[in-house]
Every structure is written in C-alpha cells, then in structure tokens.
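Since each chain comes alone in its own frame, lean on the hints to assemble the complex.
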Amino acid sequence: MQKVYSKILSVSGNVITVKAKDIAYEELAEITTSRGKSLAQVIKLEKDIVSLQVFAGSAGISTDDEIRFLGDPMRVTFSDNMLGRIFNGSGVPRDRGPELSDNLIEIAGPSVNPAKRIIPQNMIRTNIPMIDVFNSLVRSQKLPIFSISGEPYNELLARIAMQAEVDMIILGGIGLKYDEYMYFRNELEKGGALNRTVFFMHTASDPIVEGLMVPDLCLAVAEKFALNGKDVLVLLTDMTNFADSLKEIAITMEQVPSNRGYPGDLYSQLASRYEKAVDFEGAGSVTLLATTTMPGDDVTHPVPDNTGYITEGQFYLRGGRIEPFGSLSRLKQQVNDKTRDDHRAIMDGMIQLYAEYKEAEEKRSMGFRMNEWDNKLLKYGDLFVSGMMDLSVNIPLEKALDRGWEILAQCFKPEETGLKSDLIKQFWPKDLE
Amino acid sequence: MSKNIGKITGIAGNMMTVAVEGNIIQNEIGYAVTGDEKLKAEVVKIQGDTAFMQVFESTKGLKIGDTVEFTGEMLSVELGPGILGMVYDGLQNPLNELAEEHGFFLKRGAIIPALNRETKWEFTPSVKPGETVKAGDKIGSVKEGIFDHKIFVPLHLLEEYTVKSVVEKNEYTVDTVLVKAEDAQKTEHEFKMYFNWPVKLPIIQYRDKKVPEEPMITQTRIIDTFFPVSKGGTYCIPGPFGAGKTVLQQVTSRFARVDIVIIAACGERAGEVVETLREFPEITDPRTGRSLMERTIIICNTSSMPVAARESSVYTAVTLGEYYRQMGLDVLLLADSTSRWAQAMRELSGRLEEIPGEEAFPAYLESRIAQFYERSGLVELNSGEMGSLTIGGTVSPAGGNFEEPVTQSTLKVVGAFHGLSRDRSNARRYPAIHPLESWSKYVSVLDDEMVQNARKILSRGSEVHQMMLVVGEDGTSQNDFITYLKSEFLDNVYLQQNSFDEIDGATSPERQKYIFKIITSILNMDFNFGNKQEARSFFNTLRSKFIDWNYIEMSDDKFKQQENDINNLIKEKSNDAESIQ
Chain A
1 MQKVYSKILS VSGNVITVKA KDIAYEELAE ITTSRGKSLA QVIKLEKDIV
51 SLQVFAGSAG ISTDDEIRFL GDPMRVTFSD NMLGRIFNGS GVPRDRGPEL
101 SDNLIEIAGP SVNPAKRIIP QNMIRTNIPM IDVFNSLVRS QKLPIFSISG
151 EPYNELLARI AMQAEVDMII LGGIGLKYDE YMYFRNELEK GGALNRTVFF
201 MHTASDPIVE GLMVPDLCLA VAEKFALNGK DVLVLLTDMT NFADSLKEIA
251 ITMEQVPSNR GYPGDLYSQL ASRYEKAVDF EGAGSVTLLA TTTMPGDDVT
301 HPVPDNTGYI TEGQFYLRGG RIEPFGSLSR LKQQVNDKTR DDHRAIMDGM
351 IQLYAEYKEA EEKRSMGFRM NEWDNKLLKY GDLFVSGMMD LSVNIPLEKA
401 LDRGWEILAQ CFKPEETGLK SDLIKQFWPK DLE
Chain B
1 MSKNIGKITG IAGNMMTVAV EGNIIQNEIG YAVTGDEKLK AEVVKIQGDT
51 AFMQVFESTK GLKIGDTVEF TGEMLSVELG PGILGMVYDG LQNPLNELAE
101 EHGFFLKRGA IIPALNRETK WEFTPSVKPG ETVKAGDKIG SVKEGIFDHK
151 IFVPLHLLEE YTVKSVVEKN EYTVDTVLVK AEDAQKTEHE FKMYFNWPVK
201 LPIIQYRDKK VPEEPMITQT RIIDTFFPVS KGGTYCIPGP FGAGKTVLQQ
251 VTSRFARVDI VIIAACGERA GEVVETLREF PEITDPRTGR SLMERTIIIC
301 NTSSMPVAAR ESSVYTAVTL GEYYRQMGLD VLLLADSTSR WAQAMRELSG
351 RLEEIPGEEA FPAYLESRIA QFYERSGLVE LNSGEMGSLT IGGTVSPAGG
401 NFEEPVTQST LKVVGAFHGL SRDRSNARRY PAIHPLESWS KYVSVLDDEM
451 VQNARKILSR GSEVHQMMLV VGEDGTSQND FITYLKSEFL DNVYLQQNSF
501 DEIDGATSPE RQKYIFKIIT SILNMDFNFG NKQEARSFFN TLRSKFIDWN
551 YIEMSDDKFK QQENDINNLI KEKSNDAESI Q
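Here the protein sequences come in this chain order: A and B.
Each residue of the first sequence is one higher than the one before, counting from 1 in my numbering.
Each residue of the second sequence is one higher than the one before, counting from 1 in my numbering.
Just chain B, with the same shape it has in the complex (with noise of 0.2 angstroms):
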C-alpha cells in the first residue's frame, strides 16, 4: 500500500491537482492539509505525476503547495451491522452524530465512523476451527432490528482461509477481531464484525443472477397493475418539478413489500428529506409491528451540499443495497434524483476539461447509467438463497422534456418507464404516471389480457377525448362517448389514488384482483342509455360510490354493502347485468 504524500498545484471550483511522486491508484482517497483541517479528496484522472482529484468540501483557503496525504484506499464505505436505521451522507458520514457534535452546520473536514465502534452486539458464531472459509462466507451472525444479520469473511479477500480460532457467542463491538484464519501461505488474517468495500465496485460474490419475475408490490395500484416492477428490476420515474416523483418514492418507501429500503435523496431538496427523516421513526412497519426506520437506511446529499459527494452518493447507496443483498433480503433502492447526479458528472467533466457531450454531459454518461442500474438484481447466494435489490430511480429532464440524455440513457437500461405528465399533474390526477406512454417490461400481478383490454379502452378514451375537443361533444356518437366516459371511470377510481389516504393509498394485490375484476366487467358491459347526459350522470354516479369503496377496509363490513350497492346501480342500466358475478 502506497501512502504518499502530495502537494497541490491547482485549483479550479471543487477540482484540484497533486503533483505526487509514486504511485498513485485511480480513485484513491487522499486528504488535502489546511490549517488543522483535512478535506477528503478522490482521484479522478491520473496524468503523469499529476493526480487530479475532486476534493468533497469547499475548496476555500487551499493553496498552492499544501499537502495532500494518500491513503492508498479507493473511496470505501464501512459495511457491518449497525447501518439499519441511519442517516448518512453520501460519503456515509452519520449526519445525527455530526450534529450532536457540530451543531446546525456541517462542519468542513469533520469525519465520524459510519458504524458506531461502541454498540455492542451480540454475535453467534457459525464456524470452527479448522474450517476453510473464503470471501462472503457467513462467519456468524448478530441481531440487527429484526433481521438476522450475516457476518461474513470481507469480500474482498481473495483466498481460502483456514479457520484458527473463533470467539464465543458473547456481546462484541464491531472493532473485535471475531475469527483469526491463515492463508495458503500460513500468513494470519482476522476478521472483524465489517470490513470495508469500494463503492464504484460492484459487489458479485453471488452464485448466479437471475431474471428478476415475482412482482414487487408496491401497493400502488397503476404501478402493480398496470406497469409492475419485479423484484430485483429497475425503473425510472422522469416528470417535470411538480409532477409528484417525491410524493410518489415517498409512498412507495413506505408502502412497498420488501424488507429494506434503501433512501438516496441526491442533490433535492433537504426539506423532502426532512419529513422522510422526521416522520418514519413514528409511523409503525405494518408488517413487523415496529418503526419503518428500523428498515430504511437514508443517503442524504441534498443540492447544498457538496457536489462531489453527490456524484458518489448513488455508489454508497447502492452499495449498502448489495450489502444487505448478500444476506437473502429484498432490498428496494430509491434514488433521487438521478438526473442530479448525472449533472454532478458534468460538473466533474467540465473541470476536467473533457470533451463535452450531449447537453455537456460527458460522453461516458450513459455507460455510467448502465453500470449504475446493472448493479440491480436478483441474485442466487453461494448460500443457495435468493435476495433482490430493485433500484427505481427519478428523473428530473430540463424543462419537462424526456428527449434529453439522462432520461434517454436512462430509459435504455431499465426495465420499466413511469413518465410523470404535467397536465395529470394540474388536473390533480395523482399519481401523474402518465397510462398511455409509461410501459414495463415485468408481469403484472393480474392477469395480462384484463391489463391489455383496459389499457386498449384507455388509448381509445383519450382519442375520442381529443376529437371532442374538435367537434363538441354533440358531434361524437354515443358510443364513443361511453368509451370515453368508460375510460375516464377507470382513470378516476384505479389509476387514481390517494397517498395521504391510509386505506386508499395502499391497495394490496388481493384488492386490486378483486377491485379490477368488477372494474373489467363494467368496461366490458354494455349499457342502455337514453342520452349522453343520463351516460354522464350514471358513470358520475358510479365514479362516486366507487371511489367511497376505495375508502373503506376490506375486511369492513361495509365493504360487502358498497359492493352490492354498485351492483345495483349497475344492474339497473346494463343490457347484461349479471356478467358482473
């Protein structure tokens, strides 16, 4: 390991360069000298005996000629138990510990450990002396909230190790040295509670990866229905500001059936934060009973804070997604957004004087997109056990407009597409996922041609609803004008929901196969109507009883009673009335 030492010989915004004599690792962590305070640095481009590095504080008061100490290390983040329930930054600084020791602001160059060196925990250990071990293997286990959290052998240990000696099941910190195992070569290795993993690496010690199939619910129900992600896929959210992305990872981090999640607020604004922050050590986990903090780990780096510590943001937390991954869990990774880091790529390209891109996005935007999302998956362990980690990333496109690079990068790699639209977001049509122009690749959790007929009465919808605008409403046959009032039905009681709404905000699968059923047999139906104004009045109707059902609990009694009450309504202007059983 090399430890060097540097001197600086430019600087230009957050970008610096070292004259360095040695060796020096692309990507490795150097911390440039100022006064008594040392900021954190990474290489990004090597020249000869110039390192240019992106330093992740402010560069004020640096000079030509301070000293910039190496570490020999890539950026790493600490993986071990301790992580659940964090709030890091995107360097993993634990953001409560540095304002209990720094107050309101974050102090330039303060650095605390990512895992706390004093909790203890309380380890039961799973091998024996003499044993050969190698990278990823579980050494023991610790109680970490509800899940059993795996020990294993670093992963970046390349070897076969023969197990010396192991402590007993007994409470340790995470500094103890748990395990003592030797090489091949007889030279002494000890294993900790964590080790450290580069965050640009990804994490592959898994048997096999698969395609991702099982639907992970997300309980909203135009996402599950109608453009479903799996567990271990990926998609992307692009909308305009306004458009509801935030309000729409919000929900689905609270509501989605995993067992980890994973926040990333990149580059938004540190309010947003504020509430995730705020509100979900109170909200109870309905599934475990417990707070939903206990299983959320929040990578915040919001648009104030340094830019460089951005671009690695989505790297930590992606990282600590594969983390948890190895242990067998579902692990589901917010991102947002993704187009902030995108940008602080460019910021990054320009300083370094790269030939620009699309837009000034540097050229490697788009495989940088690809790898980032690649690192998704769903994974059989060396263990034989499955575990997934499913990244849904937003986009925020300049101006509203998906034809730019990081939405068209981002569109190319994911396996689902909910474009947010502006004009559902003014008409108050919440969630905005536009139902014409989003498309997924996964399996709904319902069945496929139900999807596809409800899907051809929305196209249909929409341009009879155009042409209306053109000829009126008088000049539009009447069963047009159904289809229409069809397709606005279905718009208005399923693809709309209300989040805020504890009910009608979380729909489960059972719901939504028995909701959508009826939903497909009245879109199928064919009604006897006077004239378009009694059509109106009876679909306004219907659209009311139905959403007020959407309100009430399933196992509710009144849930039968709106149910029949519907199914005379309908029975009263349908031709076939008794296709709805």
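If we strip away everything but chain A, and leave its shape as in the complex, we get (with noise of 0.2 angstroms):
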C-alpha cells in the first residue's frame, strides 16, 4: 500500500516536513514537483511529523507537491549487468543504457562480525613503486590519499583503478567536477577497464544530498560482489565533500555542532563507510582506497584527522608523488615478507638513504659545505625521485626492487648501504661499477 500525501508543513535547507502516518524511519519517499520527480529519505520522526532529505534539493518544491512514500529503505539493484555502466548518487543510470531495478539490496547494512574477520595477507599489485614496495596495499585495506586541491589524485586513482590486481572496481565519485567525471570514463575506457567497473557518480552540480548515498551504494554493492566470490576495490573520490555534505545537513537540522560545524558523530559517518572493507574467509574481498583532500593542507582538519584514526595508514600524495614520509600501510608488514627476500631491506635501506639525502640537501641550500657522502647523497635522492617516486614509473614489484638495486649501485659501495651483507652478495648488480 503506498500512501501519498500533499501537503508539505516546512521546507528548510534540504529538509522538508510533512504529516504522516505509518512512515517507518529511513523510509524512502518520492516527491513529484513541477521540475520532476526526485527521491527523499525520512530522517526523523516526531508524532506525526515526518522529516524528510530531499535527494535533489528543496529547490522549486511547492507546498501542495505530492509525496509518495514508498515503504521502504534505500536500495540498489545488484547484477553483474552493472559491470561498465554509470550510476548517479540515486542509483539511477546517468549513462543511456537501460534502467536496472531486478534484485533490490539494502544499502549501509549490518557491520562484519569481527570475529568473523581474518588476518589480511594478500598484497594487491599496482605497479607504482612507491605503493608496491614501500607501502604495499593489502587485500581488505581501508586507506585515504590525504592530498590538497591541485594534486593528480584522480589520476593515481584512475591508474590503480586500471593496473590493481582486483576482480572488479567500484569507483564513487562525490562532488566531481564534471571534467574529473569524465576523466575517469574516459581513461578507463582506454585502458579497456571499464568492462569490469561499476560507476556512481555525483558530481558538483547535482543535488548534494545525492552524494551523500554515493559511498553506501558502492559499498553495499562491493559487498554483494564479495560475497558472491569477488576481490573488489572501491575507490571513493573525495571523501571531505562527502563530509561537508553531511555537515551541511547537520546544520540544518539544527544539530550542535562539534569541531568546525561537524557533527560530533562524524567518525562514527565514516568509520561506518571506512569499516565496510573487509576479507570474506571462503569468499571474496572489499578493499577501499579514498581520496581526501585536506582544506588548507592541515592534517588537523577534522576530516583529515577523523580519517587517520579510522584507516590503516594513509599516503601522502604532495608535489605529485608519493611522499615517503608520513605515507604508511599499517597492514604492509603482513605481506611484504612473502614476496622476495630483498623486499624488506630495500624498503627499510632507500628511505633511511632518502632521509638522510633530505637532510644533506638541507644543509646545502643553508649553504653548508658538501662533502663527498653528501654529493653520494644527493646524486642518490635525484635517482629516487626520477627513478621510483615518479608517478609516470610504471613497473612491477620485483622490477622496482632490482631498480632500487641499480639506483644503491649507482651511488653507493655496498657496505655504504647499511644492508645486510647476504642480501648484496645476492643482489648487488655486478656488472655495474
């Protein structure tokens, strides 16, 4: 039975009231204005007022618009006929294929018990050193790019949505610009990925509320596919619009806020979107890589902030590259032994060089005397910067690990190294001197 109602008490923000009955909390509706339909979410009750989000803005909305409620939550359609197609942040097609509604899934369900969780141990290859080698993304990892405006971070993620090792790519774009979004097709396209990728796309000029749905529709579908035997990644771009969406509805609501006009329930938002990765044991796998920028480059930013504390490390992404230091993968230590003895050293051994490299070039622009470790040095920090932080270095783990090896040979004497003496015997180049 669905009941329609038509008369709208007050609109505010995004936010509409109206008398109802029997409505049940999360409950969708679908509200028909002289612009068209949209959809709108029951995000509070009290007696018979019934508040409501409206997907597409209160923008237009008369007060006599017809409102349909239709006695259920959010859901998305779930097939494998969603591999290569676009979505909006209503799960509505946004290419011009078909509408898909076979298969209805919840959306934002039930957490993972953890005690159902497993060790994570399998690496997922990239083929951007900077990742593979000295971070290396694992198999069920939630991990931000902490980046500020400007930066390629769409472009990283498009080139490990394209080269990842997964079974399929799940990519939300929240708040996009329209050039981002159809950068991300586009590129995806031409690397011949798109026939495993599902889009949901938001972009900036759409209804805000829209993107807020963007990260639990990826997810809830990532979930499904994991379930039916799926490594899949999901990558989400940019989770701070997100935030500031979920922001802007707070302060509509007229809920106190805490940090910076947050809510104060924005680490439990995200940790619910974040903690969504997961290892199925017997089945597949849901890996999240996201990107959020940083207002004014502060890892302090509430949003930032609230991140660190929810992923398993995060990378910097700075002047374009991989920065080595602050970037992290808490879960790198669970693979990084598995895949070849040098793995480990080679990490460890080129940024302690790095650092030092950082510091002796320091002291030259202070205008100190270099000496000939220092030049050592410096020679070695323009190798690794051109040779593995590049992010135009496209190569596999094992070819960056014997690259770290030619770059060490270039500079260096073995024994300079600090690595351990089995390792040189066995991998110092020898035919360079």
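These are calculated hints, taken from the structure and not from any lab test.
Quick caveat, the model's predicted, so the values are computed rather than measured.
Errors might be hidden in some of the hints.
[Unchecked claim] Derived pair list, reagent style DSSO-like, types lysine-lysine, alpha-carbon separation capped at 30 angstroms:
1) A:425 x B:558
2) A:413 x A:379
3) A:425 x B:545
4) A:358 x B:545
5) A:363 x B:532
6) A:358 x A:379
7) B:7 x A:7
8) B:209 x B:186
9) A:420 x B:560
10) B:38 x A:21
11) B:45 x A:44
[Unchecked claim] Derived CB-CB ranges, DEER-like:
12) A:399 x B:475: 29 to 39 angstroms
13) B:544 x A:165: 38 to 48 angstroms
14) A:179 x B:370: 52 to 62 angstroms
15) B:384 x A:348: 52 to 62 angstroms
16) A:386 x B:528: 42 to 52 angstroms
17) A:165 x B:27: 47 to 57 angstroms
18) B:103 x A:30: 54 to 64 angstroms
19) B:475 x A:165: 31 to 41 angstroms
20) A:62 x B:65: 21 to 31 angstroms
Ideal Cβ positions, reconstructed from N, Cα and C, are used throughout, including at glycine.
Written out as structure tokens, the structure reads:
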C-alpha cells in the first residue's frame, strides 16, 4: 500500500516536513514537483511529523507537491549487468543504458562480526613502486590518499583502477567536477578496464544529498560482489566532499556542531563506511581507497584527522608524488615478507638513505659545504625521485626492487648502504661499477 | 518490578522517545519491537510520561506507534564462570557464538546469553545449611582455567540470609540452583552460579580501598622505570594517530604481570582487534604455560558497530574487571580508546539536545570520565584478601592536540600520563612515550635518585639539541655535546624498545635494575675525548653494543661476554673506569 500526501508543512535547506502516519524510519519517498521527480529519505520522526531529506534539493518545491511513501529504505540493484554502467547518487543510470531494477539490495547494512574477520595477508599489486615496494596495499585494507586541491589524486586513482590486481572496481565520485568525471570515464575506457568497473557518479552540480548516498551505494554493491567471491576495489573521491555534505545536513537539522561545524558523529559516520572493507573467509574481499583533500593542507582538520584514526595508514600525495614520509600502510608487514627476500631491506634501506638525502639537501640549501658523502646522497636522491617516486614510473614490484639495487649501486659502495651482507651478495648488480 | 509497555512517539538517529504509562526507571532496558526483531534500548532521560531511549542497534524501519517492552531492569551483565577467554560486544553478547549462528554479519536484534548455559562446572560448596551469609560472601568455587572462580552470594542482595540447603560437590550448569537460603522474613532465595549486575554501578562490596603502591610490571622499560603504574592505579596514553597507542596496549596486554587482562576495543578499527583475536589463542603465557587467551577477556565494540553500545562497552568491561577483582585477583583493563567513548556520549547528548560544553562534549564529560577511572583500585576484600583493578585508557585527541577536553579531563583523574609524541614516532623512536612531557605519581621499580638523575640528563640533552639546531655542532661546547650524546645514548638503548622482539620486547624488573645501574654510571662518567668526532663514534659503538646486549637473554652466557665487551670499551675512554663496577 502506498501512501500519498500533498501538504508540506515546512521547507528548510534540503529538508522538508510533512504530516503522515505509519512511516518507517529511513523509509524512502518520492516527491513529484513541477521540475520532475526526486527521492527523499525519512531522517526524523516526531509524532506524526515526518522530516525528509530531499535528494534533488528543495529548490522549486511547492507546499502542495505530492509525496508518495515507498515503504522501503534505500536500495540498489545488484547484478552483473551493472559492470561498465554509470549510475548517479540515487542509483539511477546516468549513461544512456537501460534502467536496472532487478534484485534490489539494502544499502548501509549491518557491520561484519569482528569474530569473523581474518588477518589480511594478500598483497594487491598496483605497479606503482611507491605503493608496491614501500607501502604495499593489502586486500581488505582501507586507505585514504591525503592530498590538496590541484594534486593529481584522481589521475592516481584512475591508474590504480586500471592496474590493480583485483577482479572488479567500483568507483564512487562525490562532488566531482564534470571534467573529472569525464576524465575517469575516458581513462578507464581507454585502458580497457570499463567492463570490470561500476560507477556511481555524483558531480558538483548534482544535488548535495545524492552525494551522501554514493559511499553507501558503492559499498553495498561491493559487499555483495565480495560475498559472491569477487575481490573488489572501491575507489571513493573525494571523502571531504562527503563530510561537507554531512555537515550541511547536520546544520540544517539544527544539530549541535562539534568541531569546525562538523557534526559530533563525523567519526562514526566515516567509520561505518570505511569499516566495510573486509576479507570474507572463503569468499571475496572489499578493499577501499579514498581521496581526502585536506583544506589548507592541514592534516589536523577534522576530516583527515578523523579519517586517520579510522583507516589503516595513509598515502600523502604532495608535489605530484607519494611522499615517503608520513605515508604508511599499517598492513604492509603482513605481506612484504612473502614477496622477495630483499623487499623489506630495500624498503627500509632506501627510505633511510632518502632521509639522509633530505638532510644533505637542507644543508646544501643553507650554504654548508658538501663533502663526498653528501654528494653521493644528492645523486642518490635525484635518482630515487626520478626512478621510484615519480608517478609515471610503471613497473612491477620485482622490477622496482631491481631498480632499487641499481640506484644504490650507481651511488654507493655496498657497505655504505647499511644493507645486510648476504642480501648484497645475492642482489648487488654485478655489471655496474 | 514494572513490566511496562510503551509506544514510540519519535525517532531521530539512534534516539527514540517513548510514551509510557506507569513507572519508568532511569537506565531501564526496553525492547523496541519491529516485525520479528527486538531492538535493545536504554532509558537515558525521563520527562513526564516520555522516556528518551537510546537504541543499541540501527533504528531503520522503526515506526511511530511501535511497541516498546520494558524489562524493569537496568543494563546489566551476567557475572559467573565462563567469562574468561570470551569475546563480547559492548552489551556482553558473545561474538563467536553470534558468528556461528548468524554468519558474517551482526544481525540486528540477535541476542545470545553471555554465559554458556550448557557448560558444566565442577562446583565445590563452601557453606553448610544453617550458616548465615550476605552479599559477596563465597558459597563455593569452580575451576575456571587456572583460577579458582569464587561463587558469591549475589552482590545486589541487601540482607543476611540463612542457608537452608546446598548441593553436593558435582558438575553443574550456571543455571542450576546451588544454594537455597532464607532472609529474616522467611522469604526463600535461590543462588545460582551467576547473577546480573547493572554496569553503571560500581561493585563496592569490599572492606576497604587502599592506596596503590606495588608496581604493576609492564616489562616496558620506559614505563616501569620512568613512568610506572601501580596495581590498582590508573594511567592514560594520549597520542595522535599512528603514534603507536594500540601497539603499546597490545604489548602491555601480553607482557603485563597481572592475573587477568580485559581489552576493551571501544570504537576503534576492527582489524586491530582481529590480530588479538587470532593471535592470543596461539601465544603461550610464559607464566602459566597456558594460552594467553585463557586469562584474557575481549570487549569488542569497533567503530562501525552501534554507537550506543560503544558507550556501554567501557562500563561492561570495568564491571567484569571489578567482578574478578572480588576474587582477589589482579586485573588490568585496557580501554582503547576512551575518546571514542566520549564521542559516543557527545552523540547521545546532541540527540538529547542538551546544552553543549566545550567542543560540543556534554557538561558531564569530566565527571563521567572521573567516575570511570575511580572504579579502579586496590581493595581489601571482606575475606581479607587483596585484589586490584588497574585501568589504562588511550585517548585519541583531535589533531593530536592535548588541549582538548577528553585529554584534559582524563589527566585530572589519572595517576600516570604516557604522552605519545608524533615527533618520536616519526623518528621511529618506539615506544613513542615522550620522556620529558610524561609523568607518573607512582613509585618506580628503580631507585628514585637514579631515575631523577637520568631525567635531568634527558632534559639537559634536549636543551643542548635545541641549541645545536641554531648554532650548529661547531658552536656547541664539548661538554654540552657529550651531555647530548649521553642523553641520546640513554634514549636509544633504554627508552626505545623493540616491541616485536621476544627478548627486547619484555624486560623484567631485575634486568631493568641491572642494566639501568650500568647506564647510570655511564651517564655520570667523565670521558676523555680528543674531539667531538671521537666522542660521537665512541657513543655510536657503545650504542650498537648495548642494543645487541638488549637482544641477549640474561641467562645466556653471551650476556656476560657482551657486558665485558662493553666494560672494556668504556675503560679505554673513561677517566674513572672503576666507577662502573
């Protein structure tokens, strides 16, 4: 039975209230306005007053517009037909393909029982040395890319999407610029990854509320695919936009803001999304990479700060490169002892030398005299930046490790590297002097 | 007892308002009925006929007018044998059993009793008919793992009771009536192996609370020596993300010399609990020879689990801790992280539309934190035995800034502060406890004079380091430079510790005393160096020898060899080499 009401009591921000009976919390409704139809979700019930958050925004809503309650919470279609398709934040196709409405699944479902989780142990290769060698991505990991506006974080995501060793990709865009959206689409099409990708795209010009649904839609679909045995990589960009939408709704609902206007439950809201990353024993997995732009490059801003407490490490993208300092994959220890014997040694050794290079560079910029060791470090630093850190470097882990040894051999004597002698014996390039 | 029925009148997030006739009890539990699901909720505010209730589950699908069944009971836990080794959520639902029944996901409204009703325990009675008993008196005991689990007269009973009948020594389930007794009015009472206790009330059925004095050994050098914690004391570990709070807690849970460890994973990453969940059963506790899990309880309400249950999880944990303390055991409760608990209070307060305090935390934040930590303590029980509950809580301050309300409120009530620093963790100096900013009011395992002396050198060394950043090494006097090297030496070989190494990760107090004495003599020694370069290379060599030493078992022959090596090295450069003996 569907209930139709046509008397809107109040409109404030994107929230409208209506008098209605027998309505369930978080139920969906459809509003028909002169502009067309929009979905809305129940976010508060008080006696017979129902507050609804209108996905398309409240602009143009007339107090006598028709509201039809659908009797169900937000759901999304789930099938293999979704591959290669593009949906908006309401789960409606935004490409010209046919509507999909079979096999609806609930979004924002219950969380996984911690007792059913397993210790992650499979590496996901991306062919990006700064990730594979230095901060390996692990199946079921949740990692943000901390960045600032203007950095090529979407390029990085697109590359990971095309190269990552997973069965399928779900890409969620929140508040993307239209050209960024087109960029993703074209890149994945060019790279031939389109047929294993599902898009949920919300652009900056779409209604704010729709952006809020994107992470839940992506993760619900990903979870379902994972339960069906697929290893899924979910890419979300940009979670700061998501948090800002939360803030906007919270303020409209007159909730008491906690920190810089963000609602007090920001941590729980972000966590309930990020914690969807999981490895199902005996089935597939969900891995989550999300960009978080840091307003003012400030990592103590509530969004990156709360995110850092939730995620298993972070990548800092600065100056077009993944920073070796600060970037951390908390799960890398679980996998990088099973790749190649020299993996950990190269990882630690090269970073320590890079730290020394940074000091030498600082000394140089302050006008101190450079000694022989300093000059070696400076040479090393340049090679490290161009051969490893540069985002255009696109080689598998083993090649990257070999390149690491080559760089070391070009700059140092074996004993200067601080690496274990048995590894040096095995891996030090023989043909270089 | 009231068994009221109410009707839902409003829902926002996890808060609902319920119209109810008759009595309502603050903190009473009720179940919202939707379809075939029953969602647990707790009364948090009463106004006239309206109860404000926080729901421990997702409120999705609830409707105005839905029934709420009240229980007449406050939020309680079951206390009895079978708690050790369990993994519970914040409301004491056993997670492994839930997983068996419902699979990967936490099904809404699923409830399984905390104590297994089928397990049989060998009960040995210790009372006879005709004896009088009161709350907290022992009526017998069962063997739970390596411990004697005492069975008490339920702690909430207020009167004296005359025992009428007692079962014989045999195996019983927790549900069996073990003792029948009468109160003064000749009303009969039945005592079972377990009883319920409301989590928000402290258990105070003991004779006396004492001042914590005996150190609780963590085997982490910087804690035991510099910032010790006493049995029955409290401490907090604030630190920004990535500074190693959780690793430090994990190491403590493994190596601390206590009887029982309760880990309350409150609103943190599920992945971190999983490591404990999967690894602890495999690790042998060196003191008992049994699996570490047998003396561990895990309360696990991770970040994506319902917020209201997160608020209760620390209370559940502390109540279990108090219960085992009643048996005369030393219990350590590690809460990670109390900030998430405070945030849960903040969310609740916001939903209640209370006037917010600083950073929107409720005005009662401070008193709640104080009440929680005050449930720790060293107590003399009615039996004359001593038991202790030590509480260590991590704090995750927003932006790593210790000026925020949760850190500040916590600092007011704890006995020790282990502040983690981002600089130290960036420099890979683990554990990243800041040696100058941290403090402790408890007594060190080592001689106080030696510790003070070492702290002086650390602080002087840090001053010299600051100066050196401005004037460079050349502008620093040789004496200052040596002080700096000494402080770095102390930092490198003693304050820093490799948690992942079996030997270095756990340093016994005996070893701490032994090594620290030698370090102290080095710190006080006059050295004879030609120039700074020589001093630096001497300390580099000394450092690497010392670190190697840290990795050698004390009982190993190599331990003495290495010590001689170090002595010889020092003799070469020292003006008063004899002082080392």
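Inset, instruction - Please test the hint of 52 to 62 angstroms on the beta carbon pair from residue 384 of chain B and residue 348 of chain A. - result: 55 angstroms, holds
Legend entry - Hinted pair residue 45 of chain B and residue 44 of chain A, Cα distance within 30 angstroms: Measuring from Cα to Cα gives roughly 19 angstroms; hence the hint holds.
Inset, instruction - For the pair we were handed, residue 209 of chain B and residue 186 of chain B, check the Cα-Cα distance against 30 angstroms. - result: With Cα atoms ~34 angstroms apart, residue 209 of chain B and residue 186 of chain B exceed 30 angstroms; violated.
Legend entry - Distance restraint evaluation - residue 544 of chain B, residue 165 of chain A, Cβ atoms, bounds 38 to 48 angstroms: Once the Cβ atoms are compared, 40 angstroms apart, the range 38 to 48 angstroms for residue 165 of chain A and residue 544 of chain B holds.
Inset, instruction - Determine whether the Cβ-Cβ distance between residue 165 of chain A and residue 27 of chain B falls within the hinted range of 47 to 57 angstroms. - result: 51 angstroms, holds
Legend entry - Outcome of range test on Cβ distance (residue 475 of chain B, residue 165 of chain A; 31 to 41 angstroms): 54 angstroms, violated
Legend entry - C-beta pair residue 62 of chain A, residue 65 of chain B: status relative to the range 21 to 31 angstroms that was hinted: 30 angstroms, holds
Inset, instruction - Can you let me know if the beta-carbon spacing of residue 386 of chain A and residue 528 of chain B is within 42 to 52 angstroms? - result: Once the Cβ atoms are compared, 48 angstroms apart, the range 42 to 52 angstroms for residue 528 of chain B and residue 386 of chain A holds.
Legend entry - Holds or violated: residue 358 of chain A to residue 545 of chain B, with C-alpha atoms at most 30 angstroms apart: 28 angstroms, holds
Legend entry - Pairwise hint evaluation, residue 532 of chain B against residue 363 of chain A, where the allowed Cα distance is 30 angstroms at most: Holds - the C-alpha atoms of residue 532 of chain B and residue 363 of chain A are around 19 angstroms apart, at most 30 angstroms.
Inset, instruction - For the pair supplied as a hint, residue 420 of chain A and residue 560 of chain B, confirm whether the alpha-carbon distance does not exceed 30 angstroms. - result: 26 angstroms, holds
Legend entry - Restraint check for residue 425 of chain A with residue 545 of chain B, where alpha carbons must lie at most 30 angstroms apart: Holds, at about 25 angstroms.
Of the numbered hints listed earlier, those contradicted by the structure are 8, 12, 18 and 19.
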